[in-house]
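Trainee: Protein chains in written order, with the working numbering: chain Y, 1 to 1167; chain A, 1168 to 1363.
Calculated directly from the structure, the hints in this document are not laboratory data.
Keep in mind it's a predicted model, so treat the numbers as computed, not measured.
Ideal placement from N, C-alpha and C gives every residue a C-beta, glycine not left out.
Check the hints yourself; a few may be wrong.
[As the list claims (entries may be wrong)] The calculated lysine to aspartate or glutamate pairs, modelled on DMTMM-like cross-linking and capped at a C-alpha distance of 25 Å, are:
| id | chain 1 | residue 1 | chain 2 | residue 2 |
| --- | --- | --- | --- | --- |
| 1 | Y | LYS1164 | A | GLU1308 |
| 2 | Y | LYS1101 | A | ASP1349 |
| 3 | Y | LYS1164 | A | ASP1349 |
| 4 | Y | LYS284 | Y | ASP378 |
[What the hints assert, rightly or not] Beyond 12 Å from chain A on every Cβ pair, some chain Y residues (computed):
| id | residue |
| --- | --- |
| 5 | LEU197 |
| 6 | VAL236 |
| 7 | GLN304 |
| 8 | ASN312 |
| 9 | ALA557 |
| 10 | GLU559 |
| 11 | LYS690 |
| 12 | ALA769 |
| 13 | GLN775 |
| 14 | ILE862 |
| 15 | VAL885 |
| 16 | THR919 |
| 17 | LYS1102 |
| 18 | VAL1151 |
[Said to hold, decoys possible] Ranges of calculated distance between the beta carbons of each label pair, as one might list FRET restraints:
| id | chain 1 | residue 1 | chain 2 | residue 2 | range |
| --- | --- | --- | --- | --- | --- |
| 19 | Y | ARG981 | A | SER1205 | 25 to 31 Å |
| 20 | A | HIS1265 | Y | THR951 | 55 to 61 Å |
| 21 | A | GLU1340 | Y | SER548 | 43 to 49 Å |
| 22 | A | ASP1318 | Y | ASP257 | 55 to 61 Å |
| 23 | Y | LEU245 | A | GLN1352 | 54 to 60 Å |
| 24 | Y | ALA1131 | A | SER1269 | 34 to 40 Å |
| 25 | A | ASP1318 | Y | THR951 | 29 to 35 Å |
| 26 | Y | ASP257 | A | HIS1197 | 48 to 54 Å |
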Amino acid sequence: MAQFKQWALEYVLSDDEPAQLEITKKAAKEIESSRASSTVVGNWAASVQQWMTPASADDDKMEDDDGGGSGDIIARAKALGFLAGTLEALDKSVLRSDQVLRLIGFFGAMFSYDHKAGITASAKALRQLYSMKNFKPNMGIKILDDVCKIKEDFRLQVAVTRLEIYELFLGLIQDPAVSSELKHKYGSSCGFVVDLLQVCQNERDPRNLMVWFKILALLIKDYDPSTEVTEELFKVFSAYFPISLRSSATPIGITADDLKEAVRGCFSAHHRVADLAFPFLIQKLDQGDAVTVAVKLDILKTIQACIEQYENPQANIVPHVEKIWNSLKYEVRNGEVKETIDATLDVLRTIARKLDGTKTYKLDVSLLKSYVDLVSRDCRDDLANPTYTKQAGLLLMTVISANIRAYVLYNASFIDTIRQNLRQPKSPSHTRDLLLLLNSLLKTRMELFRDRQQGHSDDEDSLRTESRAHLDTLFHDVYLPVWTDKIKGPVSEEKDVLKQVIQGLALLVSQQVLQPDGSAVLLCSGSVCSDICSLLISTITKGLTLSSNDNATEDTAVEDEAVLGLRTIVMNYTKGYSELASRVKAEIKSRDWANPSGYSLDALKDLLSRFTFIGCSEIPSNIATDTPRQFSPLQHFITLTASLLELFPLSPYCESTRGDEGASANSHVISSLHASIIWFRDACEAKYGKKALALDPSGSQDWLDEFKRLPEDWLLQIQRDVGAAGSALALQGDDPEVYRQFLKLGLFVVRSLYRSASAGARGPWDETALVQLSQMAALVVGRLDETLQVSCNLAYEAFNFFRDTTGLLLQTPSDLLNGLLTLGILQGLWPGAMAGLYNPGGFAERFTSGTPSFNTSRESDIRAAIGAILANKFKSGPSTPAQEVEVLKRVLDFWGDWLKKETADPSPADSTTFRAHCTTALNVIAGAAARQEPHVLTLIPALHQAASTPTPNGEILAASLGLIIKQNPLLTTENHAIVRRFHKQWAYAHLAKPLLQSAQPGSPGSDPLAATRCRVAVLSIVANCPFTVYQDDLAPLIRLLVTALGHRAGLSDETAWSQTVAALEVLVEVLGSEPEALTGHLRAVIGGATGVYQECAAAQKKGVVRTLCRRLALQVLGAVPGRFEERHVRAYAPPTQRVLAVACGDPVRRVREVARAARGSWAKVVV
Amino acid sequence: MERDLENANPTILNVSQLPSRQRKGPATRHGPDSKCDSIVFPQHHWPFGSSSSSDEGDDDGEDPVDAQDIYDLISTISDPEHPHTLGQLSVVRLPDIHLDPSPAVLPDPDSLITVLVELTPTINHCSLATVIGLAVRCRLEQTLPPNYRVDVRMKVGSHAQDDQVNKQLGDKERVAAALENDTLQRMVDKMLETCA
């Protein structure tokens, strides 16, 4: 006893929660250890006696006694808290049921006597007692009775206490045992509910309301209250509707939406409130402008929830449908807010779905019929009125498309009404709206058809037996007349109509119907599909058939829509693509492509591009037409590639009339083949997922060997018998094997073209076509995995070009054609597949070392690219033969020696040749540096020495050193190159950093010219590095930058300006990343940039480099004011502003834009 | 700004309807099939070596200031009462911008050029015409080089008191004095906020 008293006292005196918790735990342990002997429990309960007595004995006096009373109240509350806390810590099975009952009596009494101090602790204690093992359901009734005695004093309790009581109520009410006891005792009169409502009805705290609404919903749903009680309950929660939440500075984790959701839960809890809820909600909605959008949405969502949740629609929903409809239709007909229109349509759709029945049980059809009739009656006339066509259609569409039954019953008459209105349209936009409706109806049909098996089995039956006459005639009756009417020189509004027609046609062809045997076939007959295709095909071939004068319009909206339409059509009506292919081929072949006009070439390009897109951007689906046919997901791809290969070459010679940059007809065909690979790859990735395609191992198959046994026109052959039994291409659309077969076909195409291109004279192969072929080969080869590349021996084919002969293998680097072909394959190979190339004296060595003569700079570009790849994709490891490692070392040494030798020549003959070979050398080194080849380090002293040699070649080398570190598109992981993550840091540290000191101007003992060269080399490298690489060396670097802006002496014009560009680029970078490093150099930077601008602007010689210099100089100037405190820049403002004002008149537009921005930022500097 | 709008319902052009430079050249088609055009029909077909880096060269050709440039500078100024730009409201129109002599035919880059901009207020008694004129003038003076002289006027017949407005806008001292006025200066700054 004394112990408990002591603990109680400690608890009451303590303000520290952990300490209090400790005390309660001790008390609980004590009770547990005595196995809840009556004495111990009695002692424990009596331990708070000293605080209880005065309160209960003289409560009235307490209330009057403000001074002494409040202390007692707090102490008493704490004492009760001690008991509640102990109960919380106590093992739930320890107390016997009589003890529980007694304690319930004790704490329950508090609700009658001690409203000031006892409630919080008692509520907590009662909740604990409720969770005791020996709690009996009848005790729940007692708790409810006791607690309700608090009456109106309930609202005087703090929110947390009230929450405690709500939680207690909720626990009791949703407890099945207590609930059945309550039902047994009170029956439907639910006497306790009335008490409860009296106690709780004025709640306003959001957290408490959430629990209260839950209690109300449970009472309605589970307690079967009488009509009067239901009304009372309804009154309580409907009084909160529409609920909102004032924004508070201290968020409580409950949003207005949570509250709305909770009130909605009360409305939709049970259909016994249907007769109250619907009239109430509709009356709220009909208040007109007084209702805000948010409230309207709340009402609509609540109506929807009620419709969805209420059972027995016939009794509970049908009586209210007309009222709901009459109130809601204006929300759509005259509504302007999208959200409310959508929510209204959702309600209407929900009604239609509810009246149809469920997946397992269909309601009587008359319910749905009378609802749809009601809607049709009101909307049908509106279809003839252009102002309301869209809205009326939307309403009709919503109810008709809600389920298959409504659709089958009403779509024919709806289409008929649309058809009648289309005969006498009031305006083009009226026609457009009507067509839009028709199209949505067709779209809905597709969706319903697709989901037909998810609903009731009757649905599928009704689809099978639906009448189709009205759909069959749509093309000839509706779409074709509109098309013919509008196609003659359409203006913009009519173009919208035409676009709708095209969309409609695409949807029409995609419609499927069920055969009596349950299989799906296309709705339209082959001839209709074919007519539709031919209509759209004429639209897209128009560009080629018309002359440039007749087809001057730049707006291609209708053609683009036709392209999309055809794509959808050939997905389903696969024969359509063959029709397209024949037309395209015929149109193109009927023209002479020897010397085409620019217009014809553009038309050809557009046509081929569209032809490719239609066939390859989606994988076709397997739907039967009226004639049985074979199917392959690859058939369009095959048709396309076969057609394009058949078309190539369009002209037997490469055209030279349009100059190097102009693409030729032949190159357009190759470009389209390239595009087809890209499109189909993307389609596969979209359908199967990138991962699924990458993970699928292909095993070692030698496709090339298979190809050797196939005829040259293999593609044409398989195009003819696609999917024939036993064919490897008879696949289903959802099989990822499609992707591998696609790659195989792609490789076949590449092989054919390579053989054609390498067959001898250049013939039809112009440069653009070759570049495209090379990139296409890289794409196809790059997609094969390493095993397949090895088993097909593609590394060998990079030099053999898939020729059957073995003797004529390419031995040495040759002209542009061979170079491009080699590069294409090498670019796509995995390092592991290139192992065979690094034998001593093998391809890698021959192609990367040596300085053969070349005819054009393009040839040396290709050589450099091949060099970079070969030097990079060398997979060295412990098992790599030593002689292969030696090969690459030899190659690197060769270039090191060559550079040293060539730069030593004081008067070289030809700088162009040196520059070209130097580029190759640096690319080879770059390839090796990307994988951090250690042997590169041995070259560096030679490179440094060569770059600082005072010869013209030395200068060229110094200015080109950046190539080693420059971003090279061939050296990327997409091209399977070996790129170490920190190779730039590595290269910078070894290549540029050692030069920083010797590059400084006026460093003691150094040759000024050598210093200049070193500066050029450093800047060339740094300009190609990301900022973080050289971040640590900013101080010495900035001195170089500043020097570079002002000193161009001792350098050739080209090197001098490229050095300036590099310096400005780095400055822009530094200004963006760490401007404070420049604070001490502002005068030099601003002066330097201004000087560069003025010098470039005044120069007689204009050019890209000088323009770039001007732009970058202005960019540097513009970046300064925003990045430094005004006191640092103020002094420079007037002269800079003058320069910038003049720069705003620069002859180059882009420079002017930068100048204006810079001028704007300097204008903010207050002088 | 709780006041009645002078012209509550002006005609507003869509941004795509405004004159712009892009649509003057040969249009690049952007159809559904154009996704891989940059790869298969690239502008510069040679992707290797040093020539590939000059992809920015196209915009770097010499292209002296023309009426479209001036239009681009001032058409993005906001109207003082509507949330639209002067271009959208057709207050500024491309045919009403004149450069004399045209910089394209001028041999010396430093010779004087006069820019004449004629404004068309949305209604002919617009009291904000002077403010709009002032903003246009400010914008041009802030962005054109010093050898350009700016002349902003109301188009003949477009404003009931065009003489007076033109006189105000043409008088340097009055313009300078107007910009001394804090309220006016703030208003002009607000209008110029939407200029890039």
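Trainee: So, for every hint listed, does it hold in this structure?
Mentor: Here is how each hint holds up against the structure:
no., hint, result
1, Y:LYS1164 - A:GLU1308, "holds (15 Å)"
2, Y:LYS1101 - A:ASP1349, "violated (47 Å)"
3, Y:LYS1164 - A:ASP1349, "holds (17 Å)"
4, Y:LYS284 - Y:ASP378, "holds (23 Å)"
5, LEU197, "holds (48 Å)"
6, VAL236, "holds (43 Å)"
7, GLN304, "holds (36 Å)"
8, ASN312, "holds (50 Å)"
9, ALA557, "violated (9 Å)"
10, GLU559, "violated (7 Å)"
11, LYS690, "holds (17 Å)"
12, ALA769, "violated (9 Å)"
13, GLN775, "violated (7 Å)"
14, ILE862, "violated (6 Å)"
15, VAL885, "holds (28 Å)"
16, THR919, "violated (7 Å)"
17, LYS1102, "violated (7 Å)"
18, VAL1151, "violated (8 Å)"
19, Y:ARG981 - A:SER1205: 25 to 31 Å, "holds (28 Å)"
20, A:HIS1265 - Y:THR951: 55 to 61 Å, "holds (57 Å)"
21, A:GLU1340 - Y:SER548: 43 to 49 Å, "violated (57 Å)"
22, A:ASP1318 - Y:ASP257: 55 to 61 Å, "holds (59 Å)"
23, Y:LEU245 - A:GLN1352: 54 to 60 Å, "violated (44 Å)"
24, Y:ALA1131 - A:SER1269: 34 to 40 Å, "holds (39 Å)"
25, A:ASP1318 - Y:THR951: 29 to 35 Å, "violated (59 Å)"
26, Y:ASP257 - A:HIS1197: 48 to 54 Å, "violated (40 Å)"
In this structure, the hints that do not hold are numbers 2, 9, 10, 12, 13, 14, 16, 17, 18, 21, 23, 25 and 26, in rising order.
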